[in-house]
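The listed protein sequences derive, respectively, from chains F and A. Counting from 1, one number per residue, gives the positions in the first sequence under our numbering. Counting from 1, one number per residue, gives the positions in the second sequence under our numbering.
Source of the hints: derived by calculation from the structure; they are not laboratory data. Think of the CB as a built atom: it goes at the ideal place given N, C-alpha and C, for glycine as much as any other residue. Be careful, since some hints might not be right.
What the hints assert, rightly or not - Partial list, computed: chain F residues near chain A (C-beta under 7 Å): (1) Ala138; (2) Ala310; (3) Glu389; (4) Gln390; (5) Arg395; (6) Arg397; (7) Gly398; (8) Ile399; (9) Gly400; (10) Asp415.
Unchecked claim - Stretch-level coverage of chain A by chain F, calculated; a stretch enters the list once three of its residues show a Cβ under 8 Å from a Cβ in chain F: (11) 69 to 76; (12) 97 to 110; (13) 192 to 203.
As the list claims (entries may be wrong) - Which residues of chain A face chain F? A partial, calculated answer using Cβ under 8 Å: (14) Gly39; (15) Phe86; (16) Gln160; (17) Lys232.
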Amino acid sequence: MNASTETKDWYAGRFARFEEGLNGASQSPLHALRRAGFAAFAAKGFPTTAEEEWRFTNVSPIAATQFQPAFDCEESGVTEPDLRPWSLGRTGGIVLVLINGHFSGGLSSIPASLPGVSIGSLAAALARDPALAERYLASARGGGDTFTALNTAFLVDGAFVRVDDGVTLQEPVHILSLASTGGTPLLVQPRHLVIAGKGARLSVVETYSGRGPGVYLTNAVTEIFVGEGGGVEHDTLQMENLNSYHVGTTLISLKGKASFTSNAVNLGGALVRNNVSALFQGEHAECTLNGLSVATGTQLVDNHTVIDHASPRCESHELYKAVLDGSARGVFNGKIFVRQDAQKTDAKQTNKTLLLSDEATIDTKPQLEIFADDVKCTHGATVGQLDEEQVFYLRARGIGATEARDLLTFAFATDVINRVHVDALREKLDVLLHTRLRQGRVNLEV
Amino acid sequence: MSLLEVRNLHAGVQGNAILEGINLSVGKGEIHAIMGPNGSGKSTLAGVLAGREAYVVTEGEVLYQGKDLLGLSPEERAREGLFLAFQYPVEIPGVTNMYFLKAALNAIRKHRGIEELDAMEFIALVKEKMKVIDFDQSLLNRPVNEGFSGGEKKRNEIFQMAVLDPTLAILDETDSGLDIDALRIVAEGVNRLRSPENAVVVVTHYQRLLNYIVPDFVHVLIDGRIVKSGGKELALVLEEKGYDWIREESGDVPADAHAAGSK
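Take these sequences, add in the hints, and give me the full structure.
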């Protein structure tokens with residue numbers, strides 16, 4: 001029996017146990033979705049580096065581990081003080097806490113009533129309105145992806161945020177996801193659903209981290225639907241334990257005149273895959289994808305983005321940066337599709353990597369597939385070390401050599417942080433980066 | 001004792017000798033001009049004094065305020081009051097002029113045991129210095145030199161000089177790429193910063209900057225050696241007659257001229 005079959009059998013066993021626990025609910029449309037998800041996962045299994053999409057990212061450590069799906073957040077032992085390091089500034093904000101992928105009402109902080117706004121657990125939202133499953137979750141365009149299929153197979157809970165037509169939610173929604181692990185390797189699979197109505201505006205911040213010594217895999221899927229003329233900012237801060245794995249998939253659909261910005265900051269994890277995929281479903285929409293990865297040691301951070309210009313007259317901007325030290329490895333793959341009808345598309349992609357050591361590496365690949373003829377598409381990638389002429393300029397003004405290098409490294413990274421509009425998160429990122437980027441290195445111990 | 005004493009300085013880059021025995025003495029309150037044709041070693045001299053690591057000193061010594069300058073790192077030289085105005089000021093995206101200058105000034109103050117300035121004190125100082133050199137406030141909050149015009153970059157160098165208040169300023173071809181108005185503004189800035197306690201070394205190819213910054217001494221640098229020194233009138237002669245007559249006078253006849261003469 002090879003490793004692949006062994007892995008499939010393991011998850012087939014987990015899935016069977018999961019189904020037993022559902023009792024009568026196994027006839028629901030949601031469960032039909034789960035079954036389809038599991039079938040897709042079982043058919044494909046975990047990817048190997050023979051697959052183009054995973055050429056530089058070997059997930060065999062994930063495939064070789066028998067992760068136990070976390071079915072609830074009971075007995076996790078997490079209390080309010082455990083959350084403090086991850087809170088965003090002041091108390092009283094909107095915070096949805098997920099422990100091991102499951103909503104914790106006791107630890108969350110949600111205002112009693114906000115007109116036109118619905119915030120809570122996805123499980124509760126699905127119980128209230130089972131049609132959500134078919135209307136939104138079934139449309140996951142990443143259905144073919146093994147990790148999304150695995151998430152769908154065990155789909156139970158996550159965050160649910162809906163803002164009705166014309167409503168602006170001023171306060172950012174913070175989705176705080178914490179893995180709490182002991183000895184058993186844990187599979188943490190939150191599923192988030194964010195729906196912005198016509199002209200609705202909101203910001204969502206997802207943070208990921210872990211507590212306890214155990215190994216876990218966070219396999220999170222976030223689906224975001226932005227209605228006509230709506231605007232969503234989606235920020236993620238990934239700071240998983242350094243012995244654990246993180247696969248994050250964000251799927252965005254934009255109607256006409258909608259705007260969407262993603263700022264994905266990856267600082268933690270042993271092996272990280274960040275998938276962001278946006279689809280234009282109407283004209284004059286705008287999408288901005290930004291990312292910052294800071295890694296060292298043997299960390300691997302893989303960013304895969306897709307922007308699908310399926311409608312004419314849409315604009316996309318993309319800036320992904322990485323600071324890599326030690327033997328860290330980075331991967332960037334940026335796909336931009338411009339469909340035949342998508343005339344007047346304006347797409348710009350930039351990928352910049354700063355290597356602080358000789359052993360750190362990056363594989364970067366822009367991938368533009370353009371089928372329309374009246375479009376503007378640009379892309380550029382740079383990989384390099386600090387500019388010694390800049391270092392000398394700072395030193396020639398009295399700034400010490402190490403301080404000069406730190407200043408330039410910070411300036412390189414903060415370019416992305418400055419694009420975050422959620423003040424409390426930007427300030428937190430500022431502090432985090434200042435502590436991480438010191439003495440000419442990427443520092444993990446803070 | 002002079003402020004700067006260069007003795008028999010030999011330096012080069014990657015095994016190529018560029019400076020071949022420079023002797024120069026700069027006293028407090030003086031302005032020295034170093035002139036010479038392209039490739040004579042002017043920028044190398046400025047670079048060696050500021051501490052550019054690409055240059056290797058093979059012989060000689062440099063005393064600054066009686067101390068061994070060549071043993072100091074670039075930042076230590078800056079903290080001791082040496083300032084190089086760059087021929088090609090560097091763009092630094094992501095670092096604002098204000099942040100950069102405050103970090104530089106406070107590094108210098110810390111080194112000298114003077115209390116570092118807080119944000120308010122620093123802004124007050126900057127406002128005062130901006131008047132001295134007519135510097136546009138909007139450039140302060142922009143990243144260092146990013147998107148600046150050639151003239152704005154050079155003016156930024158002089159503005160930095162005003163804020164950091166150096167004891168010895170070396171202006172490396174500050175006139176290059178400047179139109180006559182920008183040249184005058186930059187020169188006026190330098191003149192206003194002049195005092196009996198500091199000194200300026202102006203490195204230039206052309207005489208025109210010296211119409212505005214009037215030197216006490218002019219030195220002619222050819223093929224890595226100072227071959228002639230004089231007063232400000234020497235610059236005018238150079239403007240009129242070029243450099244070749246000096247080569248001949250000093251016996252340093254260009255190779256091709258020598259070959260022609262032997263026929």
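Consistency of the hints with the structure:
| no. | hint | in the structure |
| --- | --- | --- |
| 1 | Ala138 | violated (44 Å) |
| 2 | Ala310 | violated (34 Å) |
| 3 | Glu389 | holds (5 Å) |
| 4 | Gln390 | holds (5 Å) |
| 5 | Arg395 | holds (4 Å) |
| 6 | Arg397 | holds (4 Å) |
| 7 | Gly398 | holds (4 Å) |
| 8 | Ile399 | holds (5 Å) |
| 9 | Gly400 | holds (5 Å) |
| 10 | Asp415 | holds (5 Å) |
| 11 | 69 to 76 | holds (count 3) |
| 12 | 97 to 110 | holds (count 7) |
| 13 | 192 to 203 | violated (count 0) |
| 14 | Gly39 | violated (21 Å) |
| 15 | Phe86 | holds (7 Å) |
| 16 | Gln160 | holds (7 Å) |
| 17 | Lys232 | violated (28 Å) |
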